[in-house]
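Using the hints provided, position chain B relative to the given structure of chain A.
In the order they appear, the protein sequences are chains A and B. When the first sequence is numbered by this note's numbering, its final residue is 126 and no position is left out of the sequence of numbers. When the second sequence is numbered by this note's numbering, its final residue is 676 and no position is left out of the sequence of numbers.
Keep in mind that the hints were calculated from the coordinates and are not lab data. Fair warning: there could be bad hints in the mix.
Capping the alpha-carbon separation at 35 Å, the derived lysine-lysine pairs in DSBU-like fashion look like this [stated by the list, open to error]:
#, chain 1, residue 1, chain 2, residue 2
1, B, Lys383, B, Lys643
2, A, Lys49, A, Lys28
3, B, Lys376, B, Lys643
4, B, Lys101, B, Lys376
5, A, Lys28, B, Lys285
6, B, Lys292, B, Lys100
7, A, Lys28, B, Lys292
8, B, Lys376, B, Lys100
9, B, Lys292, B, Lys376
10, A, Lys22, B, Lys292
11, B, Lys605, B, Lys643
12, B, Lys101, B, Lys285
13, A, Lys22, B, Lys483
14, B, Lys380, B, Lys601
15, A, Lys22, A, Lys49
16, A, Lys22, B, Lys285
17, A, Lys49, B, Lys292
18, B, Lys380, B, Lys100
Partner residues aside, some chain A positions facing chain B, computed with beta carbon under 10 Å [what the hints assert, rightly or not]:
#, residue
19, Asp71
20, Asp74
21, Ala75
22, Ile77
23, Gln78
24, Gln81
25, Arg109
26, Asp113
We treat Cβ as the ideally placed atom computed from N, Cα and C, and that holds for glycine.
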Amino acid sequence: MTVLVAYASAPEGREALTEGIKEAHRRKSDLLIVNIGRGHHDLDAAELKELEGQLTEAGLALTIESSILADPGDAVIQTAQDRGVEVIVIGLRHRSMVGKLILGSTVQRILLDATCPVLAVRPDKL
Amino acid sequence: MLDSAMAALASLADPSLLIMLLIGTVAGLIMGLIPGLGGTGAVAILLPITFGMEPPQALALLIGALAVVHTSDTVSAVLLGAPGSASASVTMLDGYSMAKKGQAARALTLAFLSSMAGGIIGAVGLTLAIPLARPLVLSFASPELFMLTVLGVSLAAVLSRGNIIKGVSAGLLGLILGMVGTSPTTAEERFTFGSLFLGDGLSLVAVALGIFGLAEIASRASQRRGQKQTISLGGGWGQGIREWLTHWTQVIRGALIGIWAGVLPGVGATAGTWMAYGQAVATAKDKRQFGKGDPRGIVGPESANNSVEAGDLIPTLLFGIPGGVPSAMLLGMLLTYGIQPGPSIITEHLDLMYLIVWSFAIASILGALLCFLSVKQLAKLTKVPFAVLAAGLVAIMLLGSFQEGGQLGDLWIMIVLGAFGWLLKSTGFPRAPFLIGFVLAIPLERYYFLTDSLYEGFDWMARPGVMVFLAILILPMIWAFIKFIRARRHTNLDDGHRDEQPEDDEAPLKNSTWSLTASSIFFVAFAAALISSASFSPEARLVPQLVSTGGLIFSGILLFIEIRRRLHDGTPKADETLAEKAEEGILGTQTAKAGWTLDAKFALKTFLWMTGFLALTAAFGYLIAVTIFIPAFLLIVARARLKVAIIYTGVLYIVLLALPSLLPIDLPQGWLNTLV
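Here chain A stands alone, though its shape is the one from the complex (with noise of 0.2 Å):
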């Protein structure tokens, strides 16, 4: 089974990806990382590999994967109905009722839409 975590990069997506590890480890679950930022994804090549290695030795995989679809709520339940993920993690944040009203929220969209349990996670600081 998979746990896939959507991340972005900012706070709500670091926390997302942290307790998308813990949880891998947690279920013994592969992890998958979705993309959801504008453009490409800021982890580097050696937390990458720092990442792989800490899974792999738990005797887990990591897997990171882009959709074709533009919208970032639809890019994760596309993939989690894909990959028949067991969970989702997702980092939330603070919105006040008029930004919610005029941006909408994404997080909003996974947790109405996806097909299997959602993790949603706050980072401390905010």
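Below, chain B without anything else, positioned relative to chain A:
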């Protein structure tokens, strides 16, 4: 109203109209297939031919072409995975995947039927818009019309994808360029530098063909090889029809999104189709198949890209504010016939309006039918290398631009603007606001002075219509500002829907020396306009000065951003990004910037060829220039075989020789002919 509609339908029984519609449809289908031409190219190439015709015939021809360009652009996207236009790249995602599974026929059936439906729904939308908008349009006075022109330019700039500052700068530069010639209020000459030729202003066809057509050729002429894959259609026609029927709600939704995208200036077919795709994905529970051959990924976008063109026509015809580039050119055509699009078109030319609607609907059906019948033959055209097509296209485009004014100067301007258009395209400046600005420059000024003389001070600002438009003008700006702030804070991952295309690789020279050059050109042009407008009379200089001041501010910001970026990261590290990518071995969305110098070199070479061709024309006349230029270009640039070059040149020569007797077309005469 019904009478006019029926009368228009009856008039289509006129054989000459039907023939024009058919020719337009066939031409539109062919041009849809050729990458980079699309609706803009189709109208631009056909427009010059229409100059000698009656308005109904001309409209039938142009609308016929416009209605079907997005029907045929699917063919190459599905069969070869090479979209005929940017908007077809959406269909490619699912269509090509289906074709790879041997179900090309299924994908094409879905696409053609949806295109047809999109066209018909678009035509219905246009019909409904007439009675709905009629009372509204008729209540418009000059203040509202002035606001509409402002709205047209600024919405085009704000809504077109990419950088808003770049969009606004392009729109303002278009306005300045549109003011070259005689001032509408004081009849004094502006920015003409004493030239008699510039006194008439720049020719719309030359500007449009340069900025879009030649620029496209220059950026694609380096493709020496056509598509090699063998085409197999496979089965599934019946399955396609059945599936299409089950997804009828997607068809209607896609078409409505398309109409909406068309009505908004500058959004256009590409963004419209991505919006439709995003909508289809967002509302689907099971997203597994998207990108791997989901019929919903074909149906919605295909119906959207056809209805966009109909949606474009709504503001163009009813308000005189073009929604997109093809309709901006159509607007120019109507003006040359003395038909003033806008409120008066409803009272004076209702029959023409309905003729457009009927033509659009009939062409949509005809286009889909022709596509079904000739799909195999059409697909073969995409095997022709673009460089080979480019030779003929350059010859046709230059001939086309000559028709409007009959002056060689237009052709020189076209080549200069072509180079400029290439620069804009490669550095990520949207070109639609530029052309819309160019078209709206004179109406904007005329309505402003009408308003100014009819109302005391700023009284006109208090009119309800004006206030509504002001709100429409300001809201997207606030929205864009919010998005900008969010993007700066790097917390935009939670921005909900992001329906537009992922940052595309259409602008390979972004953030390079070239974009710095482009920003500098903008800055210098606005500065020059500001300085030279100081010598005009107060009335003639007001608008140019306002526009160029605004332009200076925006291009100044651009220049500042560019320079700051240079100081921060120095030159783009093409090799490093590539190496990094190779090391990681991960599919990224960022495009590597390697190889851009090659493209630039090739574009430069192509423009030198065009200049050479024009020099030959000026010296020896068009026919001789063609017989020298075409074989030389084919042999040296396109590296075609000798046999191909000879046949190509021969056919083109005969067509050009026969053309003036068939159509009202003049061939440019050279300096040599004046001696004989």
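Evaluation of the provided hints:
no. : hint                  : in the structure
1   : Lys383(B) x Lys643(B) : 17 Å, holds
2   : Lys49(A) x Lys28(A)   : 19 Å, holds
3   : Lys376(B) x Lys643(B) : 25 Å, holds
4   : Lys101(B) x Lys376(B) : 18 Å, holds
5   : Lys28(A) x Lys285(B)  : 29 Å, holds
6   : Lys292(B) x Lys100(B) : 10 Å, holds
7   : Lys28(A) x Lys292(B)  : 30 Å, holds
8   : Lys376(B) x Lys100(B) : 16 Å, holds
9   : Lys292(B) x Lys376(B) : 24 Å, holds
10  : Lys22(A) x Lys292(B)  : 32 Å, holds
11  : Lys605(B) x Lys643(B) : 24 Å, holds
12  : Lys101(B) x Lys285(B) : 24 Å, holds
13  : Lys22(A) x Lys483(B)  : 34 Å, holds
14  : Lys380(B) x Lys601(B) : 30 Å, holds
15  : Lys22(A) x Lys49(A)   : 17 Å, holds
16  : Lys22(A) x Lys285(B)  : 29 Å, holds
17  : Lys49(A) x Lys292(B)  : 31 Å, holds
18  : Lys380(B) x Lys100(B) : 18 Å, holds
19  : Asp71                 : 5 Å, holds
20  : Asp74                 : 5 Å, holds
21  : Ala75                 : 9 Å, holds
22  : Ile77                 : 5 Å, holds
23  : Gln78                 : 4 Å, holds
24  : Gln81                 : 5 Å, holds
25  : Arg109                : 7 Å, holds
26  : Asp113                : 7 Å, holds
Against the hints set out earlier in the document, no violation occurs for any number.
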